[in-house]
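Build out the structure end to end from the sequences listed, making use of the hints.
Chain by chain, the residues:
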Amino acid sequence: MSTATAGAHDGPPESGVNYLNASYGIKSWLLTTDHKRIGLLYLVSVTFMFLVGGLAAVVMRLHLVEPQGALLEPETYNKFFTMHGIIMVFFFTIPAVPATLGNFLIPIMIGARDVAFPKLNLLSWYVFIVGAIITLGAILSGGVDTGWTFYPPYSSLYSQSHVAAVAIGVFITGFSSILTGLNFIVTIHKMRAPGMTWFRMPLFIWASYATSLIAVLGTPVVAITIVLLGLERLLHVGIFDPAVGGDPLLFQHMFWFYSHPAVYIMILPPMGVVSELITAFSRKRVFGYSFVAMSSLAIAVISFVVWGHHMFVTGQSIYAGLVFSVLSFMVAIPSAIKIFNWTATLYKGSISYEAPMLYAMGFIGLFTMGGLTGLFLAALATDVHLNGTYFIVAHFHYVMVGGAVIAYLGGIHFWWPKITGRLYPERWARLAALLVFVGFNLTFFPQFLMGYMGMPRRYAVYPAEFQVLNVLSSAGASVLGVGYFIPLIYLIWSLRYGKPAGPNPWGAKGLEWTIASPPPTENFLTPPVVEEAYNYSGTGGSHD
Amino acid sequence: MSEHSEHTGHVVPVRTYLLVFFALMAGTALTTAVAYIDLGRWNTVVALAIAFTKMCLVILFFMHVKYATGLTRVVILCGFFWLAIMITLTLSDELTRVWEINPSGWSALLPFASRLL
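Protein chains in written order, with the numbering used here: chain A, 177 to 720; chain B, 7 to 123.
Please keep in mind that the hints were generated in silico from the structure rather than gathered at the bench.
Even glycine gets a Cβ: it sits at the ideal position worked out from N, Cα and C.
Warning: the hint list may mix true and false statements.
To give a feel for the contact side, a few chain B residues facing chain A, derived at Cβ under 10 Å [said to hold, decoys possible]: (1) Leu24; (2) Ser98; (3) Asp99.
Within a straight-line C-alpha distance of at most 35 Å, the following computed DSBU-like cross-link-like pairs (lysine-lysine) qualify [claimed, not checked]: (4) Lys60(B) with Lys366(A); (5) Lys60(B) with Lys295(A); (6) Lys295(A) with Lys203(A); (7) Lys203(A) with Lys675(A); (8) Lys366(A) with Lys203(A); (9) Lys60(B) with Lys255(A); (10) Lys524(A) with Lys203(A); (11) Lys366(A) with Lys295(A); (12) Lys524(A) with Lys60(B); (13) Lys60(B) with Lys72(B); (14) Lys524(A) with Lys675(A).
Sample of chain B residues lacking proximity to chain A, with all beta carbon distances greater than 10 Å (derived) [as the list claims (entries may be wrong)]: (15) His16; (16) Val17; (17) Gly33; (18) Ala35; (19) Leu36; (20) Ala41; (21) Trp48; (22) Ile56; (23) Thr59; (24) Cys62; (25) Phe67; (26) Gly85; (27) Ile91; (28) Leu95.
Spelled out as structure tokens, the structure:
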């Protein structure tokens, strides 16, 4: 992060007016244009969606304790995994880091008063809420059973569930993502404080910038794809149905053109968070800053040319498969650059293991496993064996949960003192971080084994030989659930009973740590001037 | 900020907007008229050519790109470049599905491979 040399305001949290106590009442929140308050609106919203999506996962894992299924009819099971996927992808993991931490931190980290378009920012939240309400309403009134990918011809011709309503919900939510992305791009281009040059920006900003590019370039495509699906389902226009001149693979091409980069919308901001955590708790400038920054952009660009690896076994030409396979291997390069640079940052650093750092270390290990198993799936031959099995489920949960969710939790803990002005109980937080790590691995590692042995995903029943692994996975899910639940309790507890945090409880560098906790409404009472990035020299790091 | 003020500072005469509007209407009429004539394989090409022209008019005049800064134009070109990526790689599947896989094609490499090993 960067060092402010002038104009930043220090002060104890209770000393004055801040964004939380500047005004009161429900209206002051629902009509706010303060990026920090909007970040908190998102925090509450996505946490609620996480609980709903998590509930679906709990029911599924309980059902799969018995080979014949313990709880649900097969049709209902289909609806549960679809609900879990749609909510967790579109309504939690995609907005989680950018819309909460991104909204709160981006203007502060670059020394700005707010985002470039504050009213548009509030509109984004309302658009998100409208999409979420429509989707939840459709789910409550019967749900949808297509899987989160909506593949035709099942979704367009045969499914009797609420495909159109859920698709409209996802379509609307997409615009929230586009507007937020647009806002961040303009903010980062135009609102940086004097001295905050591109290569002095915190790495979280670089990651958010790359993510915003993907959101703006990719999301319109999935929106149009969903419209075309609706046209075919409701008006029988021939787009994806071969009987009327369509091509079902065209849907998959267009869907994955967005939805594969969307994986990087989910993982790039958490990578930015991890960069901040590693540098703060190693008391050391990030090793290879510019490589880490540029690798975010490289991931954003390459992510757009790899989507065909989702279609190796769905009828795509083998020649296109060859091209997509090679391109998919390429995305491992910038990802590995990040992993190696974070590891090199630890070298000779003055490391301490507070809870956020535990999450960051967990991220490095789990994302590496998620990423490397992705290479198995990028290889044409092994993908034929592994595609459509639990190996895929395990792989993307290692990336999206072991990577994105764990880094999100790390980020929430790291900036919680800044957001609320209060410290959380550190021992409970370390315990929760360990529980999440253990519970996560116990849940998903057995799924690698099941998948490798041939257990297909999305089935309500399975052969008895897989029961031991399934029971282990369900047991892990309960540990993971406890690991998620503990922070929910102590973070809420800390709002009232936590010790005052002070401006910089971690001794971290960066503009956000130079202002009071919680920050004043205008962030900086006088505009900061920025001189050097991640200046940890003389703060305990033995090597810079 | 100077780019911003330049951008919003340009006043386009109403006459230009009206001319563009009538050109768009004429394009729509032309598309409809051409639909009644069977041009064979050129049907789609002509329809898309008219649509492309209309799109350019909207982008240049209604969206003020004609008067915008270089950065704005680069952003727009990036959008088209990304569209080209999507179409090209989708066609890499669509156009090669008919290619036959020669069963001896890969095994023909085996002697070379075994020599390497």
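A quick look at each hint next to the structure:
no., hint, in the structure
1, Leu24, "violated (29 Å)"
2, Ser98, "holds (4 Å)"
3, Asp99, "holds (4 Å)"
4, Lys60(B) with Lys366(A), "holds (32 Å)"
5, Lys60(B) with Lys295(A), "holds (32 Å)"
6, Lys295(A) with Lys203(A), "holds (15 Å)"
7, Lys203(A) with Lys675(A), "holds (29 Å)"
8, Lys366(A) with Lys203(A), "holds (30 Å)"
9, Lys60(B) with Lys255(A), "violated (44 Å)"
10, Lys524(A) with Lys203(A), "violated (50 Å)"
11, Lys366(A) with Lys295(A), "holds (17 Å)"
12, Lys524(A) with Lys60(B), "violated (61 Å)"
13, Lys60(B) with Lys72(B), "holds (15 Å)"
14, Lys524(A) with Lys675(A), "holds (32 Å)"
15, His16, "holds (19 Å)"
16, Val17, "holds (23 Å)"
17, Gly33, "holds (21 Å)"
18, Ala35, "holds (23 Å)"
19, Leu36, "holds (23 Å)"
20, Ala41, "holds (16 Å)"
21, Trp48, "holds (18 Å)"
22, Ile56, "holds (20 Å)"
23, Thr59, "holds (21 Å)"
24, Cys62, "holds (19 Å)"
25, Phe67, "holds (22 Å)"
26, Gly85, "violated (7 Å)"
27, Ile91, "violated (6 Å)"
28, Leu95, "violated (6 Å)"
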